[in-house]
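Based on these hints, arrange chain B on the given structure of chain A.
Just so you know, the sequences run in chain order A and B.
Letter by letter, the first sequence follows residues 23 to 243 in the working numbering.
Letter by letter, the second sequence follows residues 23 to 243 in the working numbering.
Since the hints were made in silico from the structure, they are not lab data.
Worth double-checking, as some hints may not be accurate.
When chains are identical, the list treats them as one kind, so a pair holds in a single copy or across two.
[As the list claims (entries may be wrong)] With a cut-off of at most 30 Å between alpha-carbon atoms, the simulated DSSO-like pairs for lysine-lysine come out as follows:
(1) K91 <-> K65
(2) K229 <-> K196
(3) K75 <-> K232
(4) K174 <-> K229
(5) K212 <-> K180
Protein chains: 2
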Amino acid sequence: MVKRAVCIISGGMDSALSAMIAKTEGYEIIAVHFNYGQRTEQKELDSFRKIAKYLKVIESYEIDLDFFKQIGASALTDSSIEVPTGGIEAGVPITYVPFRNGIFISIATAIAEKHQAQSLFIGVVEEDSSGYPDCRDAYINSMETSINLGTKDETKLKIKMPLVHMKKEQIVQKSLELKVPLEDTWSCYKEESQACGVCDSCRLRLKGFKNAGVVDSISYV
Amino acid sequence: MVKRAVCIISGGMDSALSAMIAKTEGYEIIAVHFNYGQRTEQKELDSFRKIAKYLKVIESYEIDLDFFKQIGASALTDSSIEVPTGGIEAGVPITYVPFRNGIFISIATAIAEKHQAQSLFIGVVEEDSSGYPDCRDAYINSMETSINLGTKDETKLKIKMPLVHMKKEQIVQKSLELKVPLEDTWSCYKEESQACGVCDSCRLRLKGFKNAGVVDSISYV
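Extracted from the complex, chain A is given alone in its bound form (with noise of 0.2 Å):
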C-alpha cells in the first residue's frame, strides 16, 4: 500500500531534511508551505519551490495566510517591531509568531484528510532553537491526540518531528548525509538576498555548519 504524508516545508534546512527523511522512509510526499507575511516570504516561497520539485513531491500547496500581520505580535510579521540581532536570549523571543504551528499543523491536518495520507512531517527543533513553545515534543504529540479525536475516525494521523531532539550540527550532517540541497534552503529572518548572520535562525544555521565542520554555501551579508 503506497504510504502519503503531508511534509509541512518552509524554506529552512530543517523542514527540508525533515521531508527528505519522510521520502526516504517510502512515502509519497505531499508539500506544504505558509505564506504568512513574513518578512522573507518571496525568499522561502522561492526555496521551498526548489526543495519541493527536487523531493519530487505528488502535490504542492502554497497557503496563502495574510491574517498573521492582521494578528501581529511578532518580529517577523509586524515591520515595526526589530528583528533581534544581538544573539540569543533566554525565553521566548519576539520573533515568536503566537500559535504559529498550531495554525501550520491544523490546516496540514485539513490537507492530510482529505488526502487520507498516514502521517504529517514536520522539522521543529526543541532544545537547539529559538525556544518557541509551540515546537516542543509534548506540545507537538498532544496536537496528535487530539487531531485524531477531532476528525474523522478513519483518520489516523501519525505527526513525525524526527528533527525534534537534534543538534543543529546533527542535522547538518544528516542533510548533507541524505543529499538534502543545503544551498537552496533558507533560514534568515531579515534579509531575501544575502543572509544577516546575526538573526537567531543565521546564527543557529551557522553554529550548526560550523560544530559540523562544514562550510555553509548561501551567502551572507
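For chain B alone, kept in the frame of chain A given last:
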C-alpha cells in the same frame, strides 16, 4: 481584574448564544469571525457584524481564509458538491469541512495569546448536531490541553463550550431568556436571501424552534 474572552462567532444561533453567555459571565468580548469561502459567506458576515455590535465587543476580527476553497472536500466550500437536503443521516455528512474547528480554534488561540485573554468560547453542539467530529466535547478538551502546551508559559487558556450538551430547543429557550437577537442570526448552508428550510442546518434550527414552541422570525423559502 478584567476578564477577556475570545468568542468565535459564525453568525449562527449557537455561537451567538455562546458569546452572550460569555458576556453575562462578565467577560469583555473579542469577537472573531471567519470568512472561509462558504456558500453563505456574505450573509453570515452581516449576521456576525450585527451580533458583535449588539454585544458591544471591545475588538472584532474578520479573518479571511481563502485556502479552504483550495482544499475543498466539502459541500460548503466546493460549489460542485451539492448540499444535501433530504434529511439528517447517520455518519459524518458531506458538509463537514476537514478540521475546520481545529483551524478556527488555532487562529483564535493566537488572538487570545496576543490579547492575554483567559477564555475562548465556541458554540459547538455535540449530540443534537450534524455529527461533525470537531464538535465533540472530548476533542475540544484535548485541544485545550494541547494549546496550553504549545503557547507561552504565561498563556493559560480555557476553552468554554457552554452549548456542547444542549438540545436545540434548549438553545432557543436560553437565547430568548438572554435576549440573543435570533432574528439577526443565520443558519442556512445554502441560501442568503431566504433560508432553504431543508438543509441539515435549517432542519436543526427549525426543530429547535418547534420543540421550544416558538416561531422563528427569519424568512424561509
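Hints, one by one, checked against the model:
In this assembly of identical chains, the alpha carbons of K91 and K65 lie at most 30 Å apart whether taken from the same copy (18 Å) or from different copies (25 Å). For a Cα distance limit of 30 Å, the shortest separation of K229 from K196 inside one copy, 15 Å, qualifies, whereas the shortest one across copies, 60 Å, does not. When the C-alpha separation of K75 and K232 is checked against a cutoff of 30 Å, the pair qualifies only within one copy, where the shortest distance is 28 Å, while the shortest distance between copies is 57 Å. For the homomeric pair K174 and K229, the shortest alpha-carbon distance between copies (26 Å) is at most 30 Å, but the shortest distance inside one copy (43 Å) is not.
When the C-alpha separation of K212 and K180 is checked against a cutoff of 30 Å, the pair qualifies neither within a copy, at 33 Å, nor between copies, at 35 Å.
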